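Given the structure of chain U, go ahead and fit chains X, A, V and C with the ligands onto it with the hints provided.
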Amino acid sequence: MLKVEDLNVFYGDIQVLHEVSIEVREGEIVAILGVNAAGKTTLLNTIAGLTKKWNGTMTWMGQPLHRVPAFRRVEMGIVLVPEGRQLFPFMTVLENLELGAYSKAARREKERSLEFVFQLLPKLYERRHQLAGSLSGGEQQMVAIGRGLMAKPKLLMLDEPTLGLAPKIVHDVFQLIQDIRKSGVTILLVEQNMHQSLQVADRGYVLENGRVTISGSSEALLRNPTIREAYLGI
Amino acid sequence: DQSTGPSSSPEKKDPIKIGAIFPLSGSLALLGTESFEAADLARKIVNEQGGVNGRPVEFIKADAPDATAAANEANRLISKEGVKLIIGTYASGLALAAAPVAERNGVVYYELIASSDKLNQQGFRYVFRVNDNSTKLGTAAVDFVEEALAPRLQIEPEKLKLAVIFEDGAFGTAAAEIVKSRALQSGINLVAYENYKATSVDLSSLVLKLKEVNPDVIIAASYVNDAVLFQKQAKQYDLNPKAFIGITAGYGLPDLAENLGKDANGIFVVEAPAMVNPEALTEEARKLDEEFRKRWQEMKGRDPAGHAYRAFSGTYALLTQILPNAASVEDSEAIREALLKADIPEGSLPNGWGIKFLPEIDPNAGLNERSFAAIQQWQDEKLVMVWPEKLATAEIKDVPLPPWKDRNK
Amino acid sequence: MVLLQLTVSGILLGGIYALIAVGLTLIFGVMRIVNFTHGDLVMLGMYLTYLLYKGFGLDPYISLFIVPLALFLIGVLIQKLVVQRVVGRPHEVQIFATVGLSMMLSNAVLAYFKGDYRSVQTTYSTDTIQIGPVFLGVPQIVAFGISAVITLVLFLFLKFTYTGKAIRATTQNRISATLMGIDVRRVYTMTFAIGSALAGIAAVLLMPLYPTYPSIGEAYLLIAFVVVVLGGLGSIPGALVGALIIGVVETVSAYYLGSGWKQAAYFVIFILVLIMRPQGLFGQRGAEQL
Amino acid sequence: MLKKGGFVLSAGLVVLLMVALIYQIKNKYYLDILFMTFFWASLAAAWNISGGYAGQFSLGHAAYVGIGAYSTALLYINFHVSPWIGMVVGGLFSALLALFIGVITVKVRGPFYTLITIAVAELLYISAIQLKELTHGSEGVSLPFKPGWVNMTFRERETYVVLALLFVALIYFITKTMERRRIGYYLIAIRENEDAARALGVPVKEMKLLATVLSAFLTAVGGAIYAMYIMFIEPDSVLSFAFSIQPALMSIIGGLGTSLGPLIGSFVLSPLDMFLRESFSHINGLNLLIYGFLLVLFVLFWPEGLWPNAVRVYRKWRSGGVETKS
Amino acid sequence: MVALKLKVERLTKRFGGLTAVRDVSFEVRDQEILGIIGPNGAGKTTLFHLISGFERPDAGRVFLEGQDITGKSPEAISRLGLTRTFQLVKPFGKMTVLENVCVGAFLRRSDLTDARAVAEDVVELVGLKPFADQPAATLPIGHRKRLELARALATEPKILLLDEVMGGLTPAEIGQMIDTIRRLREGGLTIVIIEHHMRAIMSLSDRVVVMHQGEKIAEGTPKEIAQDSRVIEAYFGGELRFA
Ligand SMILES: Nc1ncnc2c1ncn2[C@@H]1O[C@H](COP(=O)(O)OP(=O)(O)OP(=O)(O)O)[C@@H](O)[C@H]1O
Ligand SMILES: Nc1ncnc2c1ncn2[C@@H]1O[C@H](COP(=O)(O)OP(=O)(O)OP(=O)(O)O)[C@@H](O)[C@H]1O
Ligand SMILES: CC(C)C[C@H](N)C(=O)O
Ligand SMILES: [Mg+2]
Ligand SMILES: [Mg+2]
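Residue numbers (my numbering), protein chains in the order written: chain U, 1 to 234; chain X, 1 to 409; chain A, 1 to 290; chain V, 1 to 326; chain C, 1 to 243.
So that you can see chain U by itself, here it is in the shape it has in the complex (with noise of 0.2 Å):
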């Protein structure tokens, strides 16, 4: 579904990203995952479409993306969730949501969607009134997966997406991920929560400064000795 090869990226004259190769398949879960600072955040903002200066191929759906500007991706079916939430502060959880089915295709479904949403969160679905700028943290994560979903996409990106969640949402997010990918997406996910992150994947890669160093089903990260003990500390 999606290939990634020799991706190199750049922010100006330093590169990020080295050789980086990845690949997702059609209704997996893939988990991304490396110490802060390692590019995993570059690394999906380069698949949406984000950065500037980067070399290398990526194919979607065996068509190149190398000059589908990132708003054309959304439509393809692409969607970032992006890391930090990103809303729009000034506008209601409601208009926020209806920003998320902005492609037409995501339009046509968006009474669905929403209704979707709110009963998968249904806190926002209390706080659809409010002004997203004056949510707290958690209840803002919530919006921004919410609006991820709501574009309908064909592959869901997630950066992420329990930063700042208390335990209980936590859990829930994980659960989410599982149905949402039995509603048929795919799903590229980063996460420091490596441990709940592996157990939901169907497979990993590993970044280290830039670089893909260890890559492989999930079970086997899991059981990778060099793994347990710099990432997940046991």
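Do not rely on the hints blindly, as some may be mistaken.
What follows is a set of in silico ranges between Cβ atoms, one per label pair, in the way DEER data are often shown [to be verified]:
#1 Leu9(V) to Arg277(A): 35 to 41 Å
#2 Val19(V) to Tyr112(A): 42 to 48 Å
#3 Lys159(A) to Ser229(C): 43 to 49 Å
#4 Leu88(C) to Phe56(A): 57 to 63 Å
#5 Thr163(A) to Arg230(C): 44 to 50 Å
In short, the hints are calculated from the structure, not lab data. Treat the numbers as computed from the prediction; the structure is a model and nothing was measured. Backbone N, C-alpha and C fix where the C-beta goes; we use that ideal spot for every residue, glycine too.
Just chains X, A, V and C with the ligands, lined up with the frame of chain U:
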């Protein structure tokens, strides 16, 4: 100070360089440019006639959109171009900034148009003004009210209600102040004295205020934009003075009729004389006047207005009757001597002026006592001379001014 | 009695300010591009109206269908060449890019038209309707009416259409807007162009009333900023109400304090409002800090 | 300590060298250009203290220029107060106004602050025109030419140029000193994020006020020097928008919030402005058209300013082409 | 009495119709680590705003070492020795990491050399040394959180309020962070910490305050809290989980 230019013994054919400072950009660009063009036309005609003592004249043009630039440009002309004589600047604010620079450098400054009295009242030795100042303009306005309008309106000057409105810049303020003090001297009833910004986009309140006091005569010192705006709004709100007098600038420009059409008719303008009765001119001046009108028509497609006459006449006289008498045109002291020596009778310049500069001991040192203002009137969308009689080419009409609903019928 | 006339005159004048301010509120208020060329866009529109009138004898009210279109295209051009490159940059960078642009526009016109004052003369330029003791200028009434309609349409557009929401979303977070599938560049271009077209409409409606000259933009720019901030950034009804207030303040203070002081009156009000209610009369609290 | 002494010493040497150079220039026109360049540089550097470092983006500094120029001129012609004293009085008046603006705008940020400063400057401009008894209105104030140290009036233009140079040097020195001290760090922190600064104990209000007041004082002194040089002031010059916008412009083009940026900005823009006016004014407005065009280019291509860009290019060149990640 | 560092008395804060914090009281003793937990939107961050002076409470008082600091400005409170971090990080983007931290250090050091010395130590302590000269705007989220901590530490506070500084860290990094915070306490600091990360809260805190819908619903040792049925219901969603 000895500068870069060709020094010791100038060749006969070397051009004489004169600095010319005018506002060519910014909000004063319209009149500034036209004034420069009129001065430049005089220069061209002089050069065609063989120049000054056989040497062609060259203007070094300098743009001064604001006072700082005026001072900087005066500095440049003097220090870099080495000029000994600067002409300009059309606007009082610029003249007041440029003249001191010339004075301090011992270079002659010769003003053609700017009106602020202050220019001649600072004890400068090298600063001359050939044109009419605010006092002359304001006095002419009030004289005209007293001598020509009051009788025609059959109102005693003491009973006459006068309103003065003026743009709040240096020009408007200075002119209005003179009108005010002259009017008070004559016992005229000053019922309103109001200033406003020339760039205003609305003057309805001013119109309404005037309507309240219902003046017989309104005297206005305005630029074009505000003059047009005021007249349009006066019509809308049906403000009907018995006479309306504009003081030079906006009211004296062809642009007024271009923008107002027939609605301009009947308005008086206190202006430097323009297109005067040829009878009032010397033979020579008459010929020159014809030439000027013709060439200006060719250039601009319209008749020259008062300020164009100021610039043309002043420049032409300078080049033909003053500089040739200077012991050296490369020496400002000699030019100054020649200016002070000049004694040209009235009627010798194409607008009827003569030249005689007040001496250094006079409080208005350097002011030309033979320049004066006259009254024109808009008739059939053209400006014609109506007062004083000697210069007049047409009769005074439309006194009292018909109310708007009856105008242009 | 005078007060009644002054108020009516002020409201009509405010209608004209509103037209200029509504365009600016879209560009500055909604998109947060500090646009110092807005006055010059009005100036360009006025010259275009003048040219159409001089060259083809077109009545300004017919130009109403042409000039805004032309301004729309000019807006697209300005956006693509300059503004797009300063979007998201600090305000000071935007201010100076547009200040430079403004110098270019007004001086290009100066170089071409030589600073002469130009106006069109229509039969209705000075027409008035008299209701009791109150005079109402006909062109002013037309301008006011169109301004009210435009304000309403624009308000509904921003509030309820998807495009309108996309515009607001883009202001609040460009990256997220992109991630929603919004073509951010196009949104900016559209907004700037619509704002410019509105300046064009204002210009056409001004032309029967006021002469134009190259530096006239300055006169309108500051008023427009005052109105936009007073009404509340990005608030369309705010722009209308703010303009009416400024219009009335202007006529009333000009009458009682003298025309020379009238601007002082609205600057004082402007400062007071900003201090006591930084979000403006209709603005979203805190939104002014975006 | 030694480093600081070294800085003062080398700066002093540079100034001395420049003074010596000034006396080598024979053509007065170049002295005029030089004066204007130093003058604008001083206004830009003064503006930069509040506008660049503290992020208080004022476009109303003309108010301070005007107060400085008018106080000096009016005290001088009405009461024969020496401009050296008038200048300080003007500075204090400006500082007071700045204090007032600062107090009323504590909660106002971003473009709103900018608009308020514009409005205040406009108010002053209107007042200067209307309060004729005090200011002589639009006719302006002409200063008498009475050379002498006490009168701050000189026959030789060199003296003015040296005066302006010393003034620029003083402001540069103040800025440079600030940069290495707490206040410099605090001002930048405030500009970047007020809330975070407050959480770290930065007295935001006081720091902003300090910067604005200092900036206003210095700007007024600059206005006084201008008045004594041109010898004629009017509302349309010293209180015009140009006097607000140029210093800001120069700081931005040179590099906002850097000590050298405003000076570089002025050294590029002032001569450029005068050169364009000299060379291109045969077509009305062409010089300003080009000036505007160049401004747009500068802002589009070097938005951080010339100085920061130069530094970056230099660093890159020194590190052999590509910056490497540590 | 001296042992009492911070005392919060019946704090209440309303936003329009919503009461974000209702009648909350608690105390923090010298060199204690107090954990605050609660579901999203419980009012934890608001509580920090109230204590640190960023919001004015509608009712209630705050005492720092016995001194009433209610309504004082954030900068004054910080000067008195209480510093907080922001959950939504606020770096000085254009300054380098070290310069960011210097701003904090300047609170107690007036000389640049001294301030830098403090800043360098702190930067090293939180593990940002390799990034010291990088502009803060280019830091990824995890590092920004550390920067928040570093800046706060540089003010040499007596009491530190940490709002979710562990978000975005890997489990291994969290381990390091726990060590760091412990060491800080041993160095004499009193700490109030908001965190959703249960392992961190449970192993660090001496006592835990639990908030729910603006109210304090429980207070006690981690053990007591972990067994409180209301807490489990509100926070853990019916079953206890340690991430
Ligand atoms: N705009 C930028 N300019 C320069 N460097 C950047 C920029 N954004 C990120 N970086 C650098 O790129 C590297 C990777 O950052 P990235 O945000 O991808 O990390 P991450 O793995 O997502 O970390 P985290 O877990 O903290 O979110 C970091 O060293 C960061 O400093
Ligand atoms: N300025 C405000 N205006 C309106 N409501 C607000 C405002 N600030 C906070 N709130 C509301 O107050 C409640 C408490 O918010 P707070 O940020 O304190 O929660 P929190 O406990 O820190 O949550 P989280 O764990 O998600 O960060 C939330 O419901 C939030 O929406
Ligand atoms: C129009 C001129 C006669 C007067 C000119 N505007 C001045 O400022 O003096
Ligand atoms: Mg990341
Ligand atoms: Mg919180």
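Status of the given 35 to 41 Å range, CB of Arg277(A) versus CB of Leu9(V): Violated, at about 53 Å.
Satisfaction of the hinted span 42 to 48 Å by the C-beta atoms belonging to Val19(V) and Tyr112(A): About 46 Å separates the Cβ atoms of Val19(V) and Tyr112(A), which means 42 to 48 Å holds.
Satisfaction of the hinted span 57 to 63 Å by the C-beta atoms belonging to Leu88(C) and Phe56(A): Taking Cβ atoms as reference, Leu88(C) and Phe56(A) lie about 59 Å apart, which means the hint holds.
Cβ distance range 44 to 50 Å for Thr163(A) and Arg230(C), holds or violated: holds (48 Å)
Outcome for the supplied range 43 to 49 Å, where the beta carbon pair is Lys159(A) and Ser229(C): holds (47 Å)
Of the numbered hints listed earlier, the single one contradicted by the structure is hint 1.
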